[in-house]
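Visitor: Mind docking chain V with the ligands on chain D? Use the hints.
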Amino acid sequence: MSTSTAQGPATDVAPAPEQRPGGRLPRWAPWAAFVAALAVAYLVGLATSTNVVLLVIYTVVIGTAGLYVASRIVEGPRRAVDRLVTCLVSSAFGIAMVPLVSLAYEVIRRGVLRFDGEFFGASLVGVIGEGGGAYHAIMGTLIITLLTTLISVPIGLLTAIYLVEYGSGRLKRAITFFVDVMTGIPSIVAGLFAYALFVIFFGAGIRLGIMGAVALSVLMIPVVVRSAEEVLKLVPNELREAAYALGVPKWRTIVKVVLPTAIAGLGTGVTLAIARVIGETAPLLVTVGITNGTNLNPFEGRMATLPVYAFYQLTQPGVPPENAIDRAWTAALILIMLVMGLNVVARLISRFFAPKTSR
Amino acid sequence: MAKRIDVSDLDIYYGKFLAVQGVNVSIEPRSITALIGPSGCGKSTFLRSINRMHEVIPGARVEGKVVMDGQDLYAPDTDPVTVRRQIGMVFQRPNPFPTMSIYDNVAAGMRLNAKKMSKAATDELVERSLRGANLWEEVKDRLDRPGSGLSGGQQQRLCIARAIAVEPDVLLMDEPCSALDPISTLAIEDLMTELKERFTIVIVTHNMQQAARVSQQTGFFNLNGVGQPGRLIEFNPTEKIFSNPDEKATEDYISGRFG
Ligand SMILES: Nc1ncnc2c1ncn2[C@@H]1O[C@H](COP(=O)(O)OP(=O)(O)OP(=O)(O)O)[C@@H](O)[C@H]1O
Ligand SMILES: [Mg+2]
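Protein chains in written order, with the UniProt record's numbering: chain D, 1 to 359; chain V, 1 to 259.
Since the hints were derived computationally from the structure, they do not count as laboratory data. Possibly wrong hints are sitting among the right ones.
[What the hints assert, rightly or not] Simulated pairs of lysine-lysine, DSSO-like, Cα-Cα distance not exceeding 30 Å: (1) V:K115 / V:K140; (2) V:K116 / D:K256; (3) D:K256 / V:K115; (4) D:K256 / V:K16; (5) D:K233 / V:K140.
This is chain D alone, in the form it adopts within the complex (with noise of 0.2 Å):
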């Protein structure tokens, strides 16, 4: 495409530079124009009845009025867009912020007072008030995590493989339409269906720690099975091909060429799905109980859970309450934790496992 003209670079200049006055404003314009409107919202806010949410408010508006009012005089319609739009972006970014930041900041602030050593130590037997730890049920939420994990990952991951690599037709449709149902299952619905099956084995009342590890692999399986496809859909057919090139047969291909080199997905599809299942309370509610002792056999009697106890602490807690209530916030805090541990343990697993292309 060559465009054999004279006046080639001339004709491809935007046509109609409407009316764009040249001036740009300078790069503390924008915060300017934020500390004059504080300023204009603060006087209101003298007039009126002052609330800080009101303040930030007026603000914001006041602030992005004047910035694109301003812009459009010295800039032109097109940047004045922008800078609106960018103001626009950046307030539903903040106000997105606001209850992340709020929740950390209150769980933190609230955690603290119980994050100590007795917390990690003790359990809760013959405490009345003061004191007492969370030991038994960081070990239960440990225990039947790891047990859910166990049964969870080998299952999704087989259900996957069978997916990529084997599956088709009506088979495969009803594996993956089957799959996504058990995405949607509410939490407590899983709960009830492993009570359901353990009652008919056991009797009604039944609580044993395997039962919640049962449960949460109802909603851990389909995670793993989701993630685990995408990652190995990703896995290229041309490195398949290679292998069966070599003579090497499908099963092997499988387990020495594909999972290989997925393994840094697999880990961190794995990872963030034991994220998302530890942190579920109302299924281990119906399935393990709770008990103030220790109990580290997941097969026989009721286990202490983190967020079983952070919801008894909050809902029972005695007289007076505090002491209980405080418990509950160090028991969220540990979840939390928990929780962005195991996701900054993805991003490690993704970085180290990731095939390597040197240079």
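Guide: Just chain V with the ligands now, with coordinates in the frame of chain D:
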């Protein structure tokens, strides 16, 4: 041990679509056979059906006979995995295993098939194969680096080394030089000429000069129109194809008067 391949009345399907029809050809041992023809006429499809790679595509199937030194490759009791061990393949795009080092890539045929080999024997095999692929000098002091860190031409030669390391009888190459510069292309052409002493080589190429330079036999594939099956129009010694072909279509294609 180079082997001869006889193809008779081969029809190749993708599901209901007949992609290649009625191929009859004899591929000579210890020689290079080139396949040429316009895009989409079924050269790759035919090549992949020789080592039963065609059937890994869902719905793909083959009718007819492919016989290698008396062994019917499509007999019901023939294991496709065994066929692929005897007939190696190099693909158009270099595809070294990204999780493996250069060394492991070359040894992949042994490793992935869990053949037990001593360290010394493996070392020897890797060096021999890399020398065979003209790559040894370039990579001998970074064998433990990932294979994907090589240049495109080096990667392609790595794939050739990987293919010849399993000692196949036949080597199929699907446009092995299409992504390479003239120097790497020349290196691979020289390599093919060396390799033909030991293997039967079939190469698909869009490069007429390449076909003329390296091959002894040439097959011309063509198709009559879109949606029609591709056919092997002419199969003759390379000199004849390029000087005095039997078919008008071949002459038109070679002289660029095609379509
Ligand atoms: N996986 C597939 N599924 C269905 N049809 C296919 C598939 N691969 C190829 N085909 C069809 O088979 C015919 C032959 O394709 P093939 O790849 O063998 O052509 P080719 O001669 O190798 O072309 P090129 O020179 O462009 O590589 C084409 O019509 C193509 O659309
Ligand atoms: Mg092709």
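Visitor: Taking the hints in turn, state whether each one holds.
Guide: Outcome of the hint check:
Our distance criterion of 30 Å between C-alpha atoms is met by V:K115 and V:K140, whose separation comes to about 24 Å. With a CA separation close to 16 Å, the supplied pair V:K116 and D:K256 stays within the 30 Å bound. Proposed proximity of D:K256 and V:K115 is supported: the alpha carbons are some 14 Å apart, at most 30 Å. Under the criterion of a C-alpha separation no larger than 30 Å, the hint pairing D:K256 with V:K16 is inconsistent with the structure, at around 33 Å.
A distance of roughly 34 Å separates the Cα atoms of D:K233 and V:K140; the hinted pair therefore is violated under the 30 Å criterion.
Consistency note: the structure conflicts with the earlier hints numbered 4 and 5.
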